[in-house]
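Undergrad: Turn these sequences into a full structure, and let the hints steer you where they fit.
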Amino acid sequence: MGMVTKRLNAFFETQVSIAPLILFRMVWGSLLFISTLRFIVKGWVHTMYIQPKIFFPFYGFEWVKPLGSVGMYLVFALLLLTSLCILLGYFYRYASLLFFLLFTYVELIDKTNYLNHYYFVSLVSFIFLFLPANKNFSLDVRYRGVTELAQVPRFYEWLIKAQLFTVYLFAGIAKVNTDWLLDAQPLKIWLPAFSHWPLIGQYMESDWVAYLFSWFGCLYDLCIGFLLFYSRTTKWAYLIVLVFHLFTALFFNIGMFPYIMIGATLIFMPLSFHQKGLQYLASIFKISTPLAAKPLSVVPSKHWVIFILFFGVQLVLPFRYLLYPGKLFWTEQGYRFSWRVMLMEKAGTAFFFVKDSRTGKSIEIDNKNYLTYMQEKQMAMQPDMLLNYAHFLKKEFEKKGFVNPKVSTQCYVTLNGRPSRLLVNDTVDLSVQSNSFLKNKWWILPY
Amino acid sequence: MTMKKVILINVLFIFTILSCGPKDKKQLEPNTEPFNKAGLLENITYNLIIPSYQNLSNALDSLNTSYNAFKLNPTLTAFQTLKTDFNLAYQVYHQISPFEFGPAEQEVVRMNFNVFPTDTVQIKNNILNGSYNLSAISNIDAKGFPALDFLFYGHSKTETQLVQSFINSTAQTNYVSDLINEMRSKVISILNTWRNTYRATFVNSLGTDVGSSIGFLVNQLNYELDYLKNAKIGIPLGKKSLDVPLPQKCEAYYGQQSVSYALATLNAIESIYLGRGANGNNGLGFDDYLDHLKANHTNGTLNAAINAQFAIARTKLNAINGNLANQITANPTLVNTAYVELVKLLVLLKTDMPSHLGVIITYQDGDGD
Chain Y
881 MGMVTKRLNA FFETQVSIAP LILFRMVWGS LLFISTLRFI VKGWVHTMYI
931 QPKIFFPFYG FEWVKPLGSV GMYLVFALLL LTSLCILLGY FYRYASLLFF
981 LLFTYVELID KTNYLNHYYF VSLVSFIFLF LPANKNFSLD VRYRGVTELA
1031 QVPRFYEWLI KAQLFTVYLF AGIAKVNTDW LLDAQPLKIW LPAFSHWPLI
1081 GQYMESDWVA YLFSWFGCLY DLCIGFLLFY SRTTKWAYLI VLVFHLFTAL
1131 FFNIGMFPYI MIGATLIFMP LSFHQKGLQY LASIFKISTP LAAKPLSVVP
1181 SKHWVIFILF FGVQLVLPFR YLLYPGKLFW TEQGYRFSWR VMLMEKAGTA
1231 FFFVKDSRTG KSIEIDNKNY LTYMQEKQMA MQPDMLLNYA HFLKKEFEKK
1281 GFVNPKVSTQ CYVTLNGRPS RLLVNDTVDL SVQSNSFLKN KWWILPY
Chain V
38 MTMKKVILIN VLFIFTILSC GPKDKKQLEP NTEPFNKAGL LENITYNLII
88 PSYQNLSNAL DSLNTSYNAF KLNPTLTAFQ TLKTDFNLAY QVYHQISPFE
138 FGPAEQEVVR MNFNVFPTDT VQIKNNILNG SYNLSAISNI DAKGFPALDF
188 LFYGHSKTET QLVQSFINST AQTNYVSDLI NEMRSKVISI LNTWRNTYRA
238 TFVNSLGTDV GSSIGFLVNQ LNYELDYLKN AKIGIPLGKK SLDVPLPQKC
288 EAYYGQQSVS YALATLNAIE SIYLGRGANG NNGLGFDDYL DHLKANHTNG
338 TLNAAINAQF AIARTKLNAI NGNLANQITA NPTLVNTAYV ELVKLLVLLK
388 TDMPSHLGVI ITYQDGDGD
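Residue numbers (the working numbering), protein chains in the order written: chain Y, 881 to 1327; chain V, 38 to 406.
Please note that a few of the clues may not be correct.
From the structure, some residues in chain V lie toward chain Y, with a derived Cβ separation under 10 Å [claimed, not checked]: (1) Phe116; (2) Asp246; (3) Ile251; (4) Asn267; (5) Ser278; (6) Val281; (7) Pro284; (8) Asp325; (9) His329; (10) Lys387; (11) Thr388; (12) His393; (13) Leu394.
Hints in this document: simulated from the structure, not taken from any laboratory.
Keep in mind it's a predicted model, so treat the numbers as computed, not measured.
Think of the CB as a built atom: it goes at the ideal place given N, C-alpha and C, for glycine as much as any other residue.
TA: Right under this line is the structure:
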């Protein structure tokens, strides 16, 4: 045991070139900057964080509230500024901390907008707090007297690699299910939408193409992490990464995710790639001796503790669904934060009713009065969001003078092309049910 | 097995699949011809949308003609002809109401043509003042068909009294002319845009994402059905008012055509679904699309389930039989039965159908993952 720890320690403490970290900092900073700018330009700050009348908080984070128009745009302006600082390595520590806090804050406001790749950005931004990625080729070194380093412990580069490996592996494991592998769902539904494309369009309605894409997608996710790590296959693996993600970018409405993965997986490329990259940049910006030799550093033990916990939690989270009864895709208990990416075609329609306990009369709610289209669409298929909305409606109608309002819903959901049916028991008063993840949502109907 | 072997097997697997796929394409021919989406859009454009706007334009012209005749010679007979033409135009309007995208979205047709209940006080004030800006937001509920419905049928007034009100007031006569002409010019403008430029734009947008033609059709078809269920039936029935019926909220309240227009709306939605042209011929539609994709439902195909539900909803709406404003109090169960069937139809069209077509039901742009 002691032997293993010692060898592991020796491996991760080995001093390696800082070049991959530097290049990663620049790629990542650019990606953050572009993503944030795109988000603002598309008007999503308004439609997602200013326009909605109510928000769907994560359990335990109900205290996280949006800041209003000026506040939210200020937050996004700061995200732009800090991503630029990360890119240039200027006030790097403060910028990383501020970016991580602000980005995570924005994601916690409303789970309507939850995307796995936002979760990924939050996690990598957290790793950035600990990376010595400003110790070379940075404005911090040039103007702020930060000690220049040429080599750092392998530990830091591997944090990024381990994070990417985790994403791919779990995305692969999530695809090992009967719908995906045996029925080629949801691709069998999604691909025919492209049947009008030239050349490949004619194959998009063929079942074998849906199976091919499903099986390849699953194997890709399961294997690509290993192939990237293994030095002899790295370059080929990166080529597959490129093709795979460009394909998904072409087919699906998934925004920046493919580009983020294409950019991030560059970290696996051989050292010579990173060195050439930096030399090229040095020649453009006329910087001499970009990788001057300077003192070595070691990994503080607290970093070990933090990241063993960090990855430990990530390894456990995707399996928490096993603690709940019922079918995961249907109940979505333990669905998020598990790298379940593009995994199902699910849609619903929810009719809500609020009953006045004194008269026994009820009214039907027009969801459009309270929710944006995006919120209604997400709410109508996710039990925990149905519950958030029911709790909101109870308060809203208490204000309107209803006596002990009871809230129920007829929510019809279709999953991977199967006939729609009721998602939750339509006689249950949802407004008094607990949204705690510690309790099973018994009122979800079996699937 | 060593790590190396595991990796090697994985690599081989991937490359086998990679290399198999394209090579075998010659043997693995496509199962069927892909669905002719362009054909569906062409059918709906040339046989349904453009002829329907033409029909509405003609109907509004007839309305205008009979109104001018009535102005010249305000007899009871001329007034009755006018009302017949008005009902016809209003009826035809429901066929184009679901096409609120492209040129119709520019003209905000639903808001300009059919906001009900109409604001009778605002109408009276406009006529009294003699000056008004019909494009002002404050006038959206004082114009269009509902305003004409009020002026032509009035409230507790006899036909003779109504005719007299036109004879007595030039301001009222002019107001009605302005309302008719506003609708005529908007419909002509929309029709021209469809004929000149938009038809090509529409027919060539073959995706299913937000802003694609199929996306527009599916979204608007559902918007219209939601509007039928809520505004035309649910709200008058008391679904949003603790079961207290609200007769004044009925569409065409004064002319008492609510049920007939509800059926017209249902037909309009069904026409889009079936790809049924204005002349009644059934062409390529979403029914064919769903069958092509072999979309199934609980018993049989999804298309069969949707068709059956259209039929049931129609039967139940027909069964209301009479004036909706009376039936919501006299026979609420009858109206509620129709409402329940419309809800079932909405679930099929809003949840099951788009899910099979890969259409995103939203008007809002955003990323997925």
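Undergrad: Now look at each hint and say whether the structure bears it out.
TA: Now for the hints, and whether the structure bears them out:
no.: 1; hint: Phe116; verdict: violated, 38 Å
no.: 2; hint: Asp246; verdict: holds, 6 Å
no.: 3; hint: Ile251; verdict: holds, 9 Å
no.: 4; hint: Asn267; verdict: holds, 6 Å
no.: 5; hint: Ser278; verdict: holds, 7 Å
no.: 6; hint: Val281; verdict: holds, 8 Å
no.: 7; hint: Pro284; verdict: violated, 18 Å
no.: 8; hint: Asp325; verdict: violated, 14 Å
no.: 9; hint: His329; verdict: holds, 8 Å
no.: 10; hint: Lys387; verdict: holds, 5 Å
no.: 11; hint: Thr388; verdict: holds, 5 Å
no.: 12; hint: His393; verdict: holds, 6 Å
no.: 13; hint: Leu394; verdict: holds, 7 Å
Of the hints listed earlier, those the structure fails to meet are numbers 1, 7 and 8, in rising order.
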